[in-house]
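Q: Letter by letter, the chains look like this.
There are 2 protein chains.
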Amino acid sequence: MSEQVLRYLQTNRNRLLDNLFSFLKIPSISADSNHRQDIEKAADYIVTYLHDIGFDLAEKQPTNNHPLVYAEYNGAGSQAPTVLLYGHYDVQPADPLELWQSEPFQPEIREGRLFARGASDDKGQVFMHFAVFEAFFKTVGKLPLNVKVCMEGEEEIGSENLYEILYAKKEQFAADFAVISDSGMVAKNQPTILYGLKGFTGLEITVTGPDHDLHSGMYGGAIRNPIMALSHILASMKNKEEIVTVEGFYNDVEPLTEEERALMAKAPSEDFAKAAGVDQTVSEKGYTAVEHTMGRPTFEINGMFGGYQGEGTKTIIPSTATAKITCRLVPGQDPENVQQLLEDHIMKTAPAGVRVHVKKEKLSAKAYKVEPNHPLIKKAAEAYSKAFQSETVYVRMGGSIPVVEWIQALYDIPIVLLGFGTPDDRLHSPNESFPLDSFDKGMETLVYYWQAVGHQG
Amino acid sequence: MSEQVLRYLQTNRNRLLDNLFSFLKIPSISADSNHRQDIEKAADYIVTYLHDIGFDLAEKQPTNNHPLVYAEYNGAGSQAPTVLLYGHYDVQPADPLELWQSEPFQPEIREGRLFARGASDDKGQVFMHFAVFEAFFKTVGKLPLNVKVCMEGEEEIGSENLYEILYAKKEQFAADFAVISDSGMVAKNQPTILYGLKGFTGLEITVTGPDHDLHSGMYGGAIRNPIMALSHILASMKNKEEIVTVEGFYNDVEPLTEEERALMAKAPSEDFAKAAGVDQTVSEKGYTAVEHTMGRPTFEINGMFGGYQGEGTKTIIPSTATAKITCRLVPGQDPENVQQLLEDHIMKTAPAGVRVHVKKEKLSAKAYKVEPNHPLIKKAAEAYSKAFQSETVYVRMGGSIPVVEWIQALYDIPIVLLGFGTPDDRLHSPNESFPLDSFDKGMETLVYYWQAVGHQG
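For the protein sequence lines, the chains are A and B, in the order given.
Under my numbering, residues 1 to 457 are what the first sequence spells out, in order.
Under my numbering, residues 458 to 914 are what the second sequence spells out, in order.
Please note that the accuracy of each hint is not assured.
Unchecked claim - For lysine-lysine, the following DSS-like pairs were computed, each having C-alpha atoms within a straight-line distance of at most 25 Å:
#, chain 1, residue 1, chain 2, residue 2
1, A, LYS240, B, LYS843
2, B, LYS626, B, LYS517
3, B, LYS599, A, LYS348
4, B, LYS843, B, LYS723
5, B, LYS626, A, LYS348
6, A, LYS169, A, LYS41
7, A, LYS378, A, LYS285
8, B, LYS645, B, LYS498
9, A, LYS386, A, LYS360
10, A, LYS285, B, LYS498
11, A, LYS359, B, LYS805
12, A, LYS142, A, LYS359
13, A, LYS379, A, LYS25
14, B, LYS627, B, LYS843
15, A, LYS348, A, LYS170
16, B, LYS816, A, LYS240
17, B, LYS645, A, LYS240
18, B, LYS498, B, LYS482
19, B, LYS645, B, LYS731
20, A, LYS41, A, LYS60
21, B, LYS697, B, LYS645
Hints were generated in silico from the structure; no laboratory data involved.
Bear in mind that the values here come from a model prediction, so they are computed numbers and not experimental data.
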């Protein structure tokens, strides 16, 4: 059966890529309200696509912000399992635009890669599922299993309404297992099963000194500089050995076992330094970069600003300084608890003469880990290996996907993270891209996987 | 003689204010090349004004950037002294515009203050001289002394071409003494002689980590965060007791004598905390805020930026982070030497995994101190006291006026800093203003002073 499905994908490759191009051309930037219409357009694109290829139902479900696309196929019968397929059709902003080699919303193929915002995160990966479903419908006339599609338009702005809608419509979204394709492989063409994800918490610190920018000559020596105050606070939170120095931060961290460290040492890891263009990696003292990214919590300042940013000098003591911080958490850590520890540390560290305000990020997620030996995981690994002609590796990764935690909390079903991105995809950055190898072999993997789990069901 | 001159100023007050309004309405922002025409317009305004009231010569002198206005009056005869009068007609940028209560370039009088960008720094103070000269010409027909006017259009961008032009035209600008009105009084209506100014040096630090913004989930734990690296560098440069911790920074500092500390304790000082809107002042351990601002070197971060600055979160490890630093120096300190100490410290402190680049600010100045008992200073104090009906105090201030150092270096003549600004003027900030009291009594002071030094000469 898989032969004709795969042949369909090969024969129709150019047309399918054209369809993906149309999808990528829609600048569905969820963070920018100017793109509200594009968000609708991208959602409509999915509804029409799934409806046209043969889904029983495909609709936009309104939320408080951007719509969620829900679709349903029940033609595999009550004996077949039902999968809940999650992805997102919104993308990150494309700025800084001047750093893109081709237009972010004019997809272009160069050197075996498809360049566009969303090519890897997540429209490209989402579209592969649609193409595979199309191939099944057009050849064998049906899908090997029942499918519920949940495509979100708010992933890049924190999935603010997703939990609420999953909770409210718990029965509608109920399934036997879930598949999420919003992640990557440890290296190009290296089949990778992600069995763990990090949790997430964040906050914003604003330090306010004088109520207006002051002349540094008139007031310098009398007034606390808020940027310096913020620098002192930040510098006190992580040391130069990359150890987070916030009291209690590591208290509940589930330690890495020797077995896991061995597994991590074996997993082919990307060359972080080369991919990032730095002369060396740095990681928490006592841990390798791979161990730190996969299995230890991290603390990052994502942005900071205060005072004069123009050319030359402006001799002021600025009024305010702000820093945005996010942490990636590992199993054992509670996001709200960590957030509170951070706030306590900040308030305790704040020097006299300035006011410090902490704005807690509402979105948070616990880390996730699944049993690598579960049959649904094993079958995914087999499909992967068959398509990519290479042994599948098992890894944990530093990213956070809140929906994983929510699906687990609401349904307690196995979640299979089937991702085809690569370390060079430049997610969230200029020149995002996706390898055509991942596109082709990824679709092949999906064909094998649906057949394997469908037959069994 | 002074009676009729003062009467002229009173009678013509509204017209003179109107003239000042016209001058202030020209947005002569030197830092913004979009305002190049306005710079020319402001320079032309001065040329026309001085020419029309009776100067022998008034002209724009071209520089590599914005023109300098030079004017000459020689009618007081060879027995009278010649003063070199310095000021600047350029202004700081007005942003952030939304914080202005009235338009920055639409002058408005509210509660005894004239609000406009440049009202105090320095157009308002410059114009007072023009009005006083006009009053002398229109009443007694001549000025009590010979005058050379040097009005710069680049003060707010570092006076880049001034030294060169003073050096090249040394004879043309030569005078017996210099008067500069680009400073302030320690309190409103408190006659103040500034007998010392701070020097100045600055630099910009750019920390570069990855060559593009990275996904914090994929790379967090392997890559040094440039904002954190910069925070560590900055926090290592000044401690929470406001002591600069850069090795050698205080080596050549001329210590404050007990006499000077007593003088500083006596000088009526503004309420720094109230003026700045903070709950308390902070100053170098062992020194009061007044001592620190007047007589100890300072270190300020004027601006800092890196990574994401928009709303909400963007989970990146940013590619770069930048900080702008300036120091105010006291007698004894060499600007280039201090700059080098700062750079050495920064390079020594930079952690592995990032590249650090230091851009040294070209503009610098040594601190300045003049003998408070010089006759030209004493006469200024007397004129001041007579106009303001209050005893004159002698202070040093934290500001830096590079031209003071250059005039001293080129001519070795006494420099009298006759300033009428007040601590509430909000220089370089939104809602800059200048008290009408300073305008009226300041002009009166100038009338007394020119007569006193003219008679003597």
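Q: Now, for every hint given, state plainly whether the structure supports it.
A: How the hints compare with the structure:
Between the alpha carbons of LYS240/A and LYS843/B the distance comes to roughly 61 Å, so the proposed pair goes past 25 Å and is violated. Between LYS626/B and LYS517/B, the direct Cα distance comes to roughly 14 Å. Compliance with the 25 Å bound is thereby established for this hinted pair. The straight-line distance between the Cα atoms of LYS599/B and LYS348/A is roughly 67 Å, outside the 25 Å bound, and the hint therefore fails. Distance check on the hinted pair: LYS843/B and LYS723/B sit about 21 Å apart at the alpha-carbon level, within 25 Å; holds.
Among the hinted pairs, LYS626/B with LYS348/A is inconsistent with the structure: their alpha-carbon atoms are about 58 Å apart, more than 25 Å. For the hint pairing LYS169/A with LYS41/A, the CA-to-CA distance comes to about 24 Å; that is within 25 Å, so the pair holds. A distance of roughly 34 Å separates the Cα atoms of LYS378/A and LYS285/A; the hinted pair therefore is violated under the 25 Å criterion. For the given pair, LYS645/B sits about 32 Å from LYS498/B by alpha-carbon distance, which is inconsistent with the 25 Å threshold.
Only pairs whose Cα atoms come within 25 Å are accepted, and LYS386/A paired with LYS360/A is rejected, the gap being roughly 45 Å. Between LYS285/A and LYS498/B the CA atoms are separated by roughly 62 Å; this puts the pair beyond 25 Å, and the hint is violated. At roughly 34 Å between alpha-carbon atoms, LYS359/A and LYS805/B are farther apart than 25 Å, so this suggested pair is violated. Note on LYS142/A and LYS359/A: the hinted pairing is violated, with a Cα-Cα distance of about 50 Å set against a maximum of 25 Å.
Restraint check for LYS379/A and LYS25/A: not satisfied, since their Cα atoms lie roughly 34 Å apart, outside the 25 Å limit. Distance restraint check for LYS627/B and LYS843/B: the Cα-Cα separation of roughly 35 Å exceeds the 25 Å cut-off, and the hinted pair is therefore not satisfied. At most 25 Å may separate the alpha-carbon atoms for a hinted pair to count; LYS348/A and LYS170/A exceed this at roughly 43 Å. A hinted pair counts as satisfied when its Cα atoms are at most 25 Å apart, and LYS816/B with LYS240/A qualifies at roughly 24 Å.
At roughly 49 Å between alpha-carbon atoms, LYS645/B and LYS240/A are farther apart than 25 Å, so this suggested pair is violated. A distance of roughly 10 Å separates the Cα atoms of LYS498/B and LYS482/B; the hinted pair therefore holds under the 25 Å criterion. Restraint check for LYS645/B and LYS731/B: satisfied, since their Cα atoms lie roughly 15 Å apart, inside the 25 Å limit. With a C-alpha separation of about 11 Å, the suggested pairing of LYS41/A with LYS60/A holds against the 25 Å cut-off.
For a cut-off of 25 Å, the pair hint linking LYS697/B to LYS645/B is broken: about 32 Å separates their Cα positions.
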